[in-house]
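Heads up, the sequence shown is in our numbering, so the first residue is 44 and it goes up one at a time.
For the record, the hints were derived by calculation from the structure and aren't laboratory data.
Careful, some of the hints might be misleading.
For lysine-lysine, the following DSBU-like pairs were computed, each having C-alpha atoms within a straight-line distance of at most 30 Å [to be verified]:
| no. | residue 1 | residue 2 |
| --- | --- | --- |
| 1 | K153 | K163 |
| 2 | K144 | K131 |
| 3 | K98 | K82 |
| 4 | K60 | K74 |
| 5 | K86 | K99 |
| 6 | K67 | K82 |
Predicted, not measured: the structure shown is a model, and the values here were computed from it.
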Amino acid sequence: MKFFKGLVHKKDKEEKKEDKKNEKKVEEVNKAEEKAEEKKVEKVEEKREEKVEEKKVEETKKVEEKKVEKVEEKREEKVEEKKVEETKKVEEKKVEKVEEKREEKVEEKKVEEVKKAEEKKV
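Model the full assembly from the supplied sequences, consistent with the hints where possible.
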């Protein structure tokens with residue numbers, strides 16, 4: 044009987060060693076899985092942050108484009124205003140010339156009338 048007890052005891056020790064080895068392997072596998080899961084989570088978070096950053100950059104670009112558009116519109120408005128002013132000045136000069144010519148003609152007619160009147164007196 045002692046012989047069998049010794050064998051059973053020896054078997055129990057071997058089983059305990061195997062159990063411990065298996066537990067260590069399970070723990071290592073669990074740790075590896077946890078690390079893999081953490082890496083996945085980190086990658087997902089990094090992608091999220093990248094997307095947020097990209098959106099911010101796009102929004103900033105849009106805002107900058109709008110600012111540039113407004114500046115260009117103002118520039119165009121100023122150019123238009125200058126053109127309108129120049130056109131007004133040109134038109135005013137034309138009107139002045141026409142008025143001067145009319146006045147000259149009126150003066151010439153008066154001079155002619157005076158000459159005719161003088162010729163009639165003579």
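Next on the checklist: If you test the structure against every hint from before, which numbers come out violated?
Outcome noted: No hint contradicted; all consistent.
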